[in-house]
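Next come the chains, spelled out residue by residue.
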Amino acid sequence: MRKTRAALPELSELQTVQHFTRLSRKNFSVDTALQPLGSCGTRYTPRGADSLAMLPEFLARHPEAPEGHSQGFLACLYDLQEMLRVVTGMQGISLTPAAGAQGEFAGVAMIKAYHAARQEFERDEMLVSAADHGSKQASVVMCGYKVRSIPTKPDGDIDLASLKTMLGRRTAGVMLTIPSGLGVFDRGIEAVAALVHGVGALLHCDGVNLTAILGKVRPGDMGFDVVHLDLHKGFFAPHGGGGPGAGPVGVSASLLPYLPVPIVGLAGDRYSWLCEQERPESIGRLSAFAGNAGVLLRVYVNLLMLGREGITRVAEYATLNANYLLKELMKAGFEAVHPDRRATHEFGVTLRRQVRELEVSSRDISKRLLDYGVDAPATWFPPIFPECLLLKPAETENKETLDRFVGAMKSILKEAETDPDLVKGAPYRLPVRRLDDVRAARDLDLAWKPANG
Amino acid sequence: MLGAIGVDSIEALFDEIPDRLLCGTLEAMPTAVSEVDASRLMSARARLDGVPTCFIGAGAYDHYVPAAVWQIAARGEFYSASAPCQAEASQGTLQLLYEFQSMMAALTAMDVSNASLYDGASALAEAVLMAVRINRKSKSRRVLVPKSLHPAYRRVAGNIVRNQGIVLEELPYDPAGGHIDPVLLQQYDGLDITALVIPQPNFFGVLEEADTLVEWARVNGAVTVAVVNPLSLSVLSPPGEWGERGVDICCGDGQPLGAPLSSGGPYFGFLCCRQAFVRHLPGWIVGRTLDVDGKTGFTLTLHARNRRTRRSGAASNICTNQGLMVTAATIHMALMGAEGLSRTAASCHSNTLRLGERLSMLPGVSIRFDRPVFHEQVVTLPVAANGVLRTLAAHNVLGGLDLSRDYPELGNAILCCATERRTAEEIEIFTGRLERAVALQGGAPCRLQPKGW
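One line per chain: the protein sequences are A and B, in this order. My numbering applies: residue 377 is where the first sequence begins, and numbers increase by one. My numbering applies: residue 1270 is where the second sequence begins, and numbers increase by one.
There are no misleading hints in this set.
Cut-off 16 Å, straight-line C-alpha distance, at most; resulting in silico cross-link-like pairs (EDC-like, lysine to aspartate or glutamate): (1) A:Lys379 x B:Glu1608; (2) A:Lys800 x A:Glu763; (3) B:Lys1416 x B:Glu1478; (4) A:Lys703 x B:Asp1277; (5) A:Lys703 x A:Asp716; (6) A:Lys703 x A:Asp779; (7) A:Lys825 x B:Asp1380; (8) B:Lys1564 x A:Asp813; (9) B:Lys1564 x A:Asp821; (10) B:Lys1416 x B:Asp1450; (11) A:Lys800 x B:Asp1560; (12) B:Lys1416 x B:Glu1678; (13) A:Lys786 x A:Glu711; (14) A:Lys825 x A:Glu386; (15) A:Lys800 x B:Asp1562; (16) A:Lys379 x B:Glu1513; (17) A:Lys379 x B:Glu1510; (18) A:Lys800 x A:Glu733; (19) A:Lys529 x A:Asp716; (20) B:Lys1564 x A:Asp812; (21) A:Lys379 x B:Asp1480; (22) A:Lys540 x A:Glu566; (23) A:Lys786 x A:Asp747.
One-sided and incomplete, this derived list gives chain A residues near chain B with beta-carbon spacing under 8 Å: (24) Thr397; (25) Ser511; (26) Ala816.
Per the computed footprint, the stretches of chain B lying under chain A, defined by three or more beta-carbons under 8 Å from a beta-carbon of chain A, are: (27) 1281-1289; (28) 1304-1313; (29) 1554-1560; (30) 1599-1613.
Since the hints were made in silico from the structure, they are not lab data. Where is the CB? At the ideal position from N, CA and C, for every residue including glycine.
Chain B with its partners taken away, still in its complex shape:
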């Protein structure tokens, strides 16, 4: 091959790089290890972390993923496929994305969906940017974002839209209910508000008065952006049916649809909207069309306003989607069906309620908010949460998320979730451990006396 090129060494192919820039051997880079050694190292590290019993949710949920999902998604033809630039050679990926869009539209009761974004938080940022583009009547670029929305989502949205003159204004939550009290919105009546973000369920697991909020936004000319858990939509009212006309934009994280917890990613974000706004929808979108013989086929479409062809003035820099995660989610939804998803959702919900019941029987432990929840809830402890959680972790139980950093006003509060994977026995173990851990921190006295005392 070197002969064909007309050079005598492979190094000669790099002769356009100025010599003084060459870095030489990178001593700080380790030498190669074999797959056997890599396997030994990775297995040891994996074992170090173990698999504790997880009662943390907070945007990432420990759901069971049927074996078929990843066995099919991991097929080389999906796994190692390039981006579907040549539609004719990517009909598998493209039809699957069309099916994904169809299922997301059905689940959310929205008209259209894109083919996914990075994650739920960045999808919210794109939704906010989209809301500002859609709402031409509004000049203020003020977007109301409730404090009951996931704190990381609020930060991410802020970080991404910060340099475009968009103001994210925090809406407080009701201290008793943990939801947005619609009465609070009256202070904004008649003001120029560009958009209102509505989480459902919110970060605390609490259900918002979605219909009332959507109607307020409609009357006040604000675009509505729903942030939802897709699994919850198998049982809860979908955003496309909130209020009289439904929301304008709906986004969220698709992790509950077949993505393992995997330390926070890869997951995928989804973004759905009304048909009228489809030309403002960022990311890939797949359309059904015909080939020259009149046969049905699928292709990426609507990217005239995307970065692919129109370089200046492109509204979004999104170039790809979360392909493989969407592949898994599509197979997951097809396998589970509406019935399977709603059973999973119901099972998570009843487990979480059961957990709440058991925990709130402990002295000094109570459920923080009095509003209905979906599959996650805030529990108040009689002592500081971090010590208790540390003790539980030492017993291989991740007892929930400590809320003191993001919500110091809630006191000793943790956010707990018991998915369908948690058994009654695990819930009992958690309850027992929590009682002892609280006692250890000098909280309410332990009712169980140690043996032989």
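Looking at chain A on its own, in the form it has when it is part of the complex:
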């Protein structure tokens, strides 16, 4: 038995409500400010999707409830599997990975299982695009593969010549993001797929940016063998300050047997769980139950309300917003990372020139943006471009918001020219000023300690 009571707060309900309401007001959020953050996108979740996913029966459903008490819930998941199958053009979907990174891991694990089943154990390398997200390396290493980095050409597309020399009998798979982490659609994707399949390797797609091409072009049609989605980034589940996410995976016919469980099956008019027993070749389960079911329900309702017309509109408006913002920023004197390319739903702007001439960094400019009431774009991402800002204005932003953003960028540029210290000292109007990250890592203070303890 516990000897001393845990040091938890002792508060009244009102005190608790006041404290956390006060905290909430120290956040930027989609509901309160423009979120142009590239890479790790944040989207608006329609309130309807939210409340319908939280009907009391759904909230009260136990994960081990018998199938007789689950037909309504299972029908939703089954329909979602089918919708995602259609929009990705893949042969099968498993909804269970709990986030994009877990979906990414599942993809690599399935590739591993595929080669193991064919006894091709000499395949020990995974080729990863240099422009890609840093989690890939870890997912690959967790599956026991070595990572090799594929270069991109100056125009942002994969360097086919280099790829050709890297592919071989040791290649297990190739991992790309499409549209890429640089915000461009790789025009050579068919050639990449042909080369990869030519050596018996599989092609893995990070679907984090699929929102930009929804209803236009599908990973399955481009030749991908596996794709994972980030539902709390591209598919309108709430970001929640980090999560929960959901990272469904879709696969081509060759990887079908290995999909993670559970999956929802339909026989006649009866829905059922397909688990380890029904799918013995599966890479297995990745969370105790069925992943982040509540997130999946939100995405399902969203897709219901968007329909086939809506998903295309999302891609179109997101792309329109990004290209408009890019052009306006270029007019304002900012340099695009890929000026000759179409932006997808995001694009990079490099501040190399400003950094050199004005001695302010991309980080300073990001922090100053916060003073203008705009959340900052991703800075230094992708890391292969110095002083880069990656911008992703979501499809839900209107022209006025984008113009306001351009206005803020222009006036920060002017400030940087006339009073660089003002920009370097930003932010000023937030609950705290610039924080000391070095101190945070050196003098670790990760939990409150009672004064007398």
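Mind docking chain B on chain A? Use the hints.
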């Protein structure tokens, strides 16, 4: 906007995608429905599943969540906040995560906590990987995992660590007590064991001899990983105080702290450890620091060894946390306090004992294990469990989890839990229904004769 970009149609923005790849209208994707129609569909499906009286636990518990918890957590400023990449614009989320870490450290009596992982099962996988990284002296990568640990946790951990040469070795449970008999560990004395996993309470609800197990591990150079129910820690001895020095790593699922059952997710996993191992702790960690004016603020820290900046050799692919679930849990813990949590725990426990007493008065029904339990226990029936459970479900009672698939050696056994939400009346109804259901399956004769017989 099109004019500013210099194109005459929105389709022109997609001109870098090869024409032959365009998918055209996706006929298989349904057309959009209005929010009214979506509401009608979702409500009908929710009603189909109903809200049966739940006596299933097994890792997901039907606790009451005070109204204030989700009313505050669902505020747009938390709900739609992006990841706290710009610390100054995310002080609400970051301070809340620091408070979460502090409360988890207090509850577990460990030095530090991370800011959460996907769920309890995947948190165990991360804990095992962490144990292997910490225990540099051990070369075997052998991890002892008791069979009394949740079967899904064992599978998930296995699936995630499988490709890294780690061996999860099953420790049998004592057939009479349902716990790990410490005598069994003697066969491993002096062998190279990397880590020992200790569930408390274990899957059967049975309490392990945690102090003895921790001491065995310490003497034998194995890292200890506790898997605990956070609610139980308000009354049971916390892992930081087991044995002479406490455990090294502690993990579990945070669902009992404010997450609705919601079909198994989203919940959140937590992971705590000794200060000495903090640099091996995966996931987000928030630290307290100062801003340039010397004012206290909070920021993500220690991600130098995380995937964010050091791309190759990152040990974990975790990129986010379960943000919103942690927000709810933090508010939940603050609202309940140590006193409230311990009352809930005590109430669950006494309800479960009461249920056990009532059920074991039925002919042929008995409590399976003779060791003390916490708020969950295994009940043996005189007939096959699945038929009985099906009959109960037809009467809207979920009578427990059938153990025959994962533990066939236990015979006709079910795992039952009565949380604080179950009333004495519901327990009586369950008892009566169970008696009839057993009789229906040809078990012990029914003592209650039908009317007019």
